[in-house]
Amino acid sequence: MTRYLVRRLAFALVLVAAVSSASFLLARLAPGDFVTETLGTQASRDEIARERARFGLDRSIAAHYRDWAAAALRLDFGPSMLYGRPVRDLIPERAANTALLAFSALVFATAVGLPLGIVTGSRRGGALAAAVRGASIVLLSMPPLLTSLLLVFVAARTGWLPIAGMRSSTVPSGGAALDLLRHLIVPALAIGLPLAAALERLQAQSMSEVVDAPFVLAALARGVPRRRVLWRGALKASLRPVAAIYGLMIGTLLSGSFAVEVITAWPGLGSLMLQALRARDIYLVAGCAGAGALFLALGTMTSDLALAIVDPRASETSRHAEAAA
Amino acid sequence: MTPRAVGAALIAIAIAAALSAPFVAPHAADARDRSLLNAPPTLPRMVGDDGSWHAPFIYRWRLVSQLEQRYEEDRSTRVGLAWLSRGRLVRSDDEARAPLLLLGTDSFGRDVFSRLLYGARISLGLAAVAALGATLAGAIVGGLAGYRGGAIDDLLMRATDFVMVLPATYVALALRAVLPLVLTPAQVFALLAAIFAALGAPFIARGVRAIVRSERRLDYAAAAEALGAGGWRLLARHLLPAARGFIAVQITILVPAFIVAEATLSYVGLGFPEPVASWGTMLHDAANIRVFADFPWLLSPAAAMFLVVLGLNLVLQDARRGSLEFNRPA
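Quick note, the sequences are listed as chains A and B, same order. According to my numbering, the stretch in the first sequence is residues 9 to 333, in order. According to my numbering, the stretch in the second sequence is residues 191 to 520, in order.
Hints are not guaranteed to be accurate.
[What the hints assert, rightly or not] Covered by chain B, per the in silico footprint, the following chain A stretches (three or more residues, Cβ under 8 Å): (1) 100-107; (2) 114-128; (3) 222-234; (4) 258-266; (5) 281-295.
[To be verified] Chain B is faced by these chain A residues, among others (derived, beta-carbon under 8 Å): (6) Ile-56; (7) Gly-134; (8) Val-219.
Don't read these hints as lab results, they were simulated from the structure. Ideal Cβ positions, reconstructed from N, Cα and C, are used throughout, including at glycine.
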């Protein structure tokens, strides 16, 4: 297990290094740079040269990359030209905002999707099951790009909730925490609703399969009350596929939160990456891409570990995968 | 009607709308009317103000407030509809003064309905081309890896593993952003299709590899080989067809993902340039929050996108169930 963990960690580090290096080089090779984007056509040649030297953009690509990589090994990812602050300070606070958003969406989706899936999966007919199923299919067809547009539209029309940003400019009555919560609702629902639908469908399907399993029939035949069989035995057995899907959802969360962050002006990693790309702020681009890769690698790893604990067979296969590797 | 039939109908309508855009759309995609900015839809009516019945007609919009862009119906004259005139299915009798605007106009005074139809060509076309590219690349890589095994298999699967763990949105954004921002629409189309195909191919490659590997051990493959079928023939004629069902399901997962990806990139300004009509660029026009709260018809590309994805979901509800098993990490 320890060897497996070390291997996964090493792979995550290689991935982060590769992704941030590639984006650094790509952004550096691209036509135009931060200086031409900000100074515009009015600037004199001297001024441009001076600014380029200040940010280290005047060196050859190889030398520039070597210096940047050497500094990055010491966890110094260079200065953000756009914000005038070290990338190392900027990224954690933005990544924390994205993590808060993703985590809230995940909690909402689990709290709503799983129980509904259990209910619809364990009873065949019924108006409730049909209604939930229909709602799920509709929501599954609305990616976060669409749900966030729709929710922002509703919020703007009704004025019930703030539609942009993370905090009000003045702290309203009720305190900062409540204010943050109010800002969180629209973006978290935008990501959480389609996710809840996906969880509901998966859980319903797995539950309906388990309900037909011989052990459920046997328990019922022994006279165990139906309610107890469902909520004790069947539920536990049906959770496995959902547990396995959590690892895949990390990627969905990250890409889903990009569109939502841009639309609702949530100050997260995705909107930071977009700003960095637009301004050709190469240090920030490399930092954001690396942070995104790290986010994904750590998320998948955590969920694989969790799965190994829930389902011993999974860790068996991961050990095989390791042996093959 | 079963859900499946509803889904098939939705997809058929979307494809028909895209194909017949030049005939059905009343206006060109980039035709502007500067006197009608953000005008609401002109609903065709059949009953006049006095309660009398007429052939379908519309009322003209009269600008009431320039500042707020508020319009009022000019009920004094009915403007009739001209069917099958000048190569279009339907237009208004008086296009210059009272154009037919089924979904209103955008902030440039362009007909949203016409742009929606022309946009379907780009958005759906791009998704289809990219899905085709991903399928081809995925089938070749997966087929080769599954058939040859050994070092080639290891190398190819490592490569797909790597692409699959990349943060796809960030990669697509970064790749698009570092290339020159000013490209012709055709170049953007080819570029986005290539990026999407590269990011989608690994998902197909992995499944195809698994299927080819297990099929290869079956008797019919051995029989074909014994009869003298060469490697490529065996792969193309006998082994890959076994992956047909899997590939079909994967395509219906990739197509909606690509439609949304184009919309996301265009929405943030890294997709198609103005004045190209795609569903993403149309949403980009509507991006200003005040604008789409006041002018909801600007969100119609979002509704169109929803209906197409819903159609695909309905058609493949049952088929997809099996594919979830496939995607699940072991």
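Status of each hint after checking the structure:
1. With 0 residues having a Cβ less than 8 Å from any Cβ of chain B, the stretch 100-107 of chain A misses the three-residue criterion, and the hint is violated.
2. Proximity of the stretch 114-128 of chain A to chain B, defined as three or more residues with a beta carbon under 8 Å from a beta carbon of that chain, is not established by the 0 residues found.
3. With 0 residues having a beta carbon nearer than 8 Å to a beta carbon of chain B, the stretch 222-234 of chain A misses the requirement of three or more and the stated coverage is violated.
4. Counting residues of the stretch 258-266 of chain A whose beta-carbon sits less than 8 Å from any beta-carbon of chain B gives 4, enough to reach three: the coverage restraint holds.
5. Remark: the stretch 281-295 of chain A is confirmed as covered by chain B, as 5 of its residues place a Cβ nearer than 8 Å to a Cβ of that chain, reaching the required three.
6. The beta carbon of Ile-56 of chain A comes no nearer than 20 Å to any beta carbon in chain B, farther than 8 Å, and the hint placing it at the interface is violated.
7. Here the hint on Gly-134 of chain A is broken, as its CB sits about 17 Å from the closest CB of chain B, past 8 Å.
8. Given hint, Val-219 of chain A at the interface with chain B, is violated; its Cβ is 16 Å from that chain's nearest Cβ, farther than 8 Å.
Hint compliance for this structure: hints 1, 2, 3, 6, 7 and 8 are not met, and every other hint is.
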